[in-house]
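Put together the whole structure using the sequences plus the hints.
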Amino acid sequence: MKNLLVFIFSIPSIFLAQDQLTFNDILKIKNQDVFLKTVIEKGYSEGNSDGEKTYYGKGLSKDKTEATDWAEYTSLTSEFYFEQSNLEYSRKYTKGKKCYYDQIVSEIKNTCEYNKIMKHSSTKNGSVNFTTYKCPGSKYKGYLGFAQIDGNGVIQLFPK
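Note that the working numbering gives residue 39 to position 39 of the sequence shown, counting from 1, and the numbers run on in steps of one.
Because the hints were derived from the structure by calculation, they are not lab data. Worth double-checking, as some hints may not be accurate.
To be verified - The list that follows gives simulated cross-link-like pairs (lysine-lysine, DSS-like), each with its CA atoms no further than 27 Å apart: (1) 119 / 134; (2) 37 / 160; (3) 134 / 30; (4) 53 / 37.
The following block contains the structure:
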């Protein structure tokens, strides 16, 4: 009976963990279709996408301009990124576990081969330095990078 109660009370945490983005999810992204499958299955909602960029967010506001987490895919370059907002808050309230950004960064550093520092420029953030790695078994072509920007954690693909 005790084991049954433990199992029943652990079910919500099992389902919540499945909604978090993982390192293995990122390694499997080889095109826009797999990106969309990943974000939809992880509970992201479509934002204000246009013909070139596809935006998805978690905790999306009604006007689709604010979210707790973002995901973007650029069709012309096959570039994607994932952003976990407010790392300080996320780290404080993950109850002894790493937030998903920290977990993914840890797995990148332990599994992948360091490449170099690469710059990514955008109108929103300007030019940002990312630490990039070549990850074995990845389906995408390029380097996976990470950086913290204004308190948010960003995981970015740099296509070859």
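* Asked: Which of the listed hints are not met by the structure?
  -> none
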